[in-house]
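Chemist: One letter stands for each residue in the lines below.
2 protein chains.
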Amino acid sequence: MPIRLDTSSADFGSRFKQFLAAKREVSADVERATRAIVDDVAARGDAALIEATRKFDRLELDAGGLRVTAAEIDAAVKACDAETIDALKFARDRIEAFHQRQLPKDERFTDALGVELGWRWSAVDAVGLYVPGGTAAYPSSVLMNAVPAKVAGVPRVVMVVPSPDGKLNPLVLAAADLGGVSEIYRVGGAQAVAALAYGTATITPVAKIVGPGNAYVAAAKRLVFGKVGIDMIAGPSEVLVIADATSNAGWIAADLLAQAEHDACAQSILITDSVALAADVERAVESQLATLPRADIARASWNDFGAIIMVKKLDEAVELANAIAAEHLEIMTADAEALSTKVRNAGAIFLGPHTPEAIGDYVGGSNHVLPTARSARFSSGLGVLDFMKRTSILKCGPDQLRALGPAAMTLGKAEGLDAHSRSVGLRLNLP
Amino acid sequence: MPIRLDTSSADFGSRFKQFLAAKREVSADVERATRAIVDDVAARGDAALIEATRKFDRLELDAGGLRVTAAEIDAAVKACDAETIDALKFARDRIEAFHQRQLPKDERFTDALGVELGWRWSAVDAVGLYVPGGTAAYPSSVLMNAVPAKVAGVPRVVMVVPSPDGKLNPLVLAAADLGGVSEIYRVGGAQAVAALAYGTATITPVAKIVGPGNAYVAAAKRLVFGKVGIDMIAGPSEVLVIADATSNAGWIAADLLAQAEHDACAQSILITDSVALAADVERAVESQLATLPRADIARASWNDFGAIIMVKKLDEAVELANAIAAEHLEIMTADAEALSTKVRNAGAIFLGPHTPEAIGDYVGGSNHVLPTARSARFSSGLGVLDFMKRTSILKCGPDQLRALGPAAMTLGKAEGLDAHSRSVGLRLNLP
Numbered sequence: 001m002p003i004r005l006d007t008s009s010a011d012f013g014s015r016f017k018q019f020l021a022a023k024r025e026v027s028a029d030v031e032r033a034t035r036a037i038v039d040d041v042a043a044r045g046d047a048a049l050i051e052a053t054r055k056f057d058r059l060e061l062d063a064g065g066l067r068v069t070a071a072e073i074d075a076a077v078k079a080c081d082a083e084t085i086d087a088l089k090f091a092r093d094r095i096e097a098f099h100q101r102q103l104p105k106d107e108r109f110t111d112a113l114g115v116e117l118g119w120r121w122s123a124v125d126a127v128g129l130y131v132p133g134g135t136a137a138y139p140s141s142v143l144m145n146a147v148p149a150k151v152a153g154v155p156r157v158v159m160v161v162p163s164p165d166g167k168l169n170p171l172v173l174a175a176a177d178l179g180g181v182s183e184i185y186r187v188g189g190a191q192a193v194a195a196l197a198y199g200t201a202t203i204t205p206v207a208k209i210v211g212p213g214n215a216y217v218a219a220a221k222r223l224v225f226g227k228v229g230i231d232m233i234a235g236p237s238e239v240l241v242i243a244d245a246t247s248n249a250g251w252i253a254a255d256l257l258a259q260a261e262h263d264a265c266a267q268s269i270l271i272t273d274s275v276a277l278a279a280d281v282e283r284a285v286e287s288q289l290a291t292l293p294r295a296d297i298a299r300a301s302w303n304d305f306g307a308i309i310m311v312k313k314l315d316e317a318v319e320l321a322n323a324i325a326a327e328h329l330e331i332m333t334a335d336a337e338a339l340s341t342k343v344r345n346a347g348a349i350f351l352g353p354h355t356p357e358a359i360g361d362y363v364g365g366s367n368h369v370l371p372t373a374r375s376a377r378f379s380s381g382l383g384v385l386d387f388m389k390r391t392s393i394l395k396c397g398p399d400q401l402r403a404l405g406p407a408a409m410t411l412g413k414a415e416g417l418d419a420h421s422r423s424v425g426l427r428l429n430l431p
Numbered sequence: 001m002p003i004r005l006d007t008s009s010a011d012f013g014s015r016f017k018q019f020l021a022a023k024r025e026v027s028a029d030v031e032r033a034t035r036a037i038v039d040d041v042a043a044r045g046d047a048a049l050i051e052a053t054r055k056f057d058r059l060e061l062d063a064g065g066l067r068v069t070a071a072e073i074d075a076a077v078k079a080c081d082a083e084t085i086d087a088l089k090f091a092r093d094r095i096e097a098f099h100q101r102q103l104p105k106d107e108r109f110t111d112a113l114g115v116e117l118g119w120r121w122s123a124v125d126a127v128g129l130y131v132p133g134g135t136a137a138y139p140s141s142v143l144m145n146a147v148p149a150k151v152a153g154v155p156r157v158v159m160v161v162p163s164p165d166g167k168l169n170p171l172v173l174a175a176a177d178l179g180g181v182s183e184i185y186r187v188g189g190a191q192a193v194a195a196l197a198y199g200t201a202t203i204t205p206v207a208k209i210v211g212p213g214n215a216y217v218a219a220a221k222r223l224v225f226g227k228v229g230i231d232m233i234a235g236p237s238e239v240l241v242i243a244d245a246t247s248n249a250g251w252i253a254a255d256l257l258a259q260a261e262h263d264a265c266a267q268s269i270l271i272t273d274s275v276a277l278a279a280d281v282e283r284a285v286e287s288q289l290a291t292l293p294r295a296d297i298a299r300a301s302w303n304d305f306g307a308i309i310m311v312k313k314l315d316e317a318v319e320l321a322n323a324i325a326a327e328h329l330e331i332m333t334a335d336a337e338a339l340s341t342k343v344r345n346a347g348a349i350f351l352g353p354h355t356p357e358a359i360g361d362y363v364g365g366s367n368h369v370l371p372t373a374r375s376a377r378f379s380s381g382l383g384v385l386d387f388m389k390r391t392s393i394l395k396c397g398p399d400q401l402r403a404l405g406p407a408a409m410t411l412g413k414a415e416g417l418d419a420h421s422r423s424v425g426l427r428l429n430l431p
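Protein chains in written order, with the UniProt record's numbering: chain A, 1 to 431; chain B, 1 to 431.
If we strip away everything but chain A, and leave its shape as in the complex, we get (with noise of 0.2 Å):
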């Protein structure tokens, strides 16, 4: 049974609050194995990683067989069913057209005392992909990170991809070849992440590592972050429905499920302030349950962590979403658009009932990487800015040292950093 809360009871505000902090994830011990793994690629290179791929993906392979080839690649795009590969290349497509928007512009000014300031973005020189092995494999995450990486212009683009007894699903490397990937190698797990980062004989560094993975990706990211960049930790992922009296049960239902199906850690909360609706949607999750393939998973999921939240009036809804702060919000309301506008935490929002999460998923254009846990509080999805940084510029002549130098001057010598202070005095002719 799902979690039920109700804004309305003398208890709901210690109720949302043991809700909110609820952890979602077991938390293993995982660090010590990983940082030993870390090490040991970062030490040995090559060989650690053929160790560490025969003890983990139980594959035999030599450093000339890290790499996948092209032959390979040409094979499994073959194997691949005409459909699939025509859906792909329309995701592609629709991913690049929405990212191509978001790349920044450089700004050069110069203020009125002549200054000259601005900036200058410029795409990450080589990027890191990994990508799961086993049923985590997914093809649309290869175009959701390749994309904007190549839209950002990265000119080197590297997956890897734990290929657990040798095998290798051919979609994810159709995505790879459709997404622009330049090198993959068969590699996973924590010395993947470590090959990216420190480099060996066959595998070239990366100054960025995304993509998501098990706990050890994970804990192996962080180890490396600093000495490379990453992306965000991914957890499990989650979605809120807001919805009332006007929306369609089984929509809702059906997209509960769709988030429930990934993870038995997922979560899927609905928010309403119809008493019929929520009675309908848990009638309808039961009976979709009952024909779902993963069935197993997404009742779990929803036993465990799902949630139905009761408020009073929609605006309630709002506030609670913005303290939920969730991976994908759904608003399903009658007035959707208008109550989007209040929402300041979410990861993506998707607007009335023909807007099923799963068609951001796959084919809306915008990112399916999204902040999870709460984080949509301080952090965004993944974008073309991801794979840019920018370098400030400025620039002053005599004049306009002269007009800032004294202040700087000033602040050196209050800061105690004479030699601060010098530089600019020394350049004036000022003591």
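There may be inaccurate statements among the hints.
To be verified - Simulated restraints on C-beta separations:
1. B:Ala323 x A:Asp296: 49 to 59 Å
2. B:Gly199 x A:Gly65: 48 to 58 Å
3. A:Glu319 x B:Ser182: 13 to 23 Å
4. A:Thr69 x B:Asp29: 43 to 53 Å
5. A:Ala97 x B:Glu286: 55 to 65 Å
6. A:Ala338 x B:Gly114: 18 to 28 Å
Calculated directly from the structure, the hints in this document are not laboratory data.
In this text, a Cβ means the ideal position worked out from N, Cα and C, and glycines have one as well.
We have chain A already, so just place chain B on it with the hints.
Modeler: Relative to chain A, chain B alone:
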């Protein structure tokens, strides 16, 4: 003696690689101690915070005394000399004007299929600003962190600053006041970071923590990353100067020392194609050191981490600069502007002989919080975007869902996520 490298040497490649890989910080085993402090504050709140403050800052407080009062702030402002306050105001206004230009635009568009797409930027609800105590308490850094947050529209900016033995730097309080800080607490170290992340009875938690600190503060920021957002983990500061025979050796020496005086681990590097200039700069450094108040620190930095790299031509200098990815890059060659366009990796570029880095540290207007330790390869200086997040928006009507739905269903099925496919199919009466 600074390190000397020469691109004409046969072993330059390996020596430069070694130079890039050299660490400038002692890696102390602070993580365990930090975790204990963070966990204690998370569990016991104010009581743990007060205990840690007694232990580390030798300061006895009760919960009521944690917050710095308005009267204390007023008194601090009055205690500062008027010239310094004026310089801080001048800096504040210039920082504000520069960062106003970084405010991002929202986007909303309708594509050829009629799908509405876009995104909306919003400010983080509450930001914590860490300010170090002791000699590293720089009022200029308070402005560089607080002003962009206020420009972004952050309603609540909370500053924490340790007051060892009860001492607070009046200029830091004055800068906080000028920068729009809403609350100030006299706590520091890992305990202050934990209080900002988890909250205590006295300190309401924030969503993001920024600002520099010692190894314990950095370790605490790493630990709370995910619970809250953090900015970069700052390392020792560095400057790279590219100069030719036309450059003024005395000015360059002054700039190298302005960097070196920060910290014995700071790094000052000169790259030049002129043997005569290199020799002149070395002599000028020695001569200027003779009368510098912080000569001990500056000399240690210059001798241990300083470097002079000789190149055959200036194009080589740019490629080395891209590999070094310096926090601060001064270009003082005859053709500075043209050379600068080839720079991909640098936190900030200071163009021409009349733009010493100290101008950018204080009153240029651009931010002085910049990526260190080669992280300019993948990250940017602090800016308005660090205090905002982007929510993407997607809206389909029935026609758009019909246009996009089949491809989404194909991909959902290909990924084995039937509920995803169903959430679309149910709305379109498709199987």
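Chemist: Each hint needs a verdict: does it hold in this structure or not?
Modeler: Evaluation of the provided hints:
1. B:Ala323 x A:Asp296: 49 to 59 Å: 52 Å, holds
2. B:Gly199 x A:Gly65: 48 to 58 Å: At roughly 52 Å between Cβ atoms, glycine 65 (chain A) and glycine 199 (chain B) fall inside 48 to 58 Å, so the hint holds.
3. A:Glu319 x B:Ser182: 13 to 23 Å: 21 Å, holds
4. A:Thr69 x B:Asp29: 43 to 53 Å: Given range 43 to 53 Å: holds, Cβ gap about 44 Å.
5. A:Ala97 x B:Glu286: 55 to 65 Å: 59 Å, holds
6. A:Ala338 x B:Gly114: 18 to 28 Å: At 21 Å between Cβs, range holds.
Violated hints for the displayed structure: none, as all numbered hints are satisfied.
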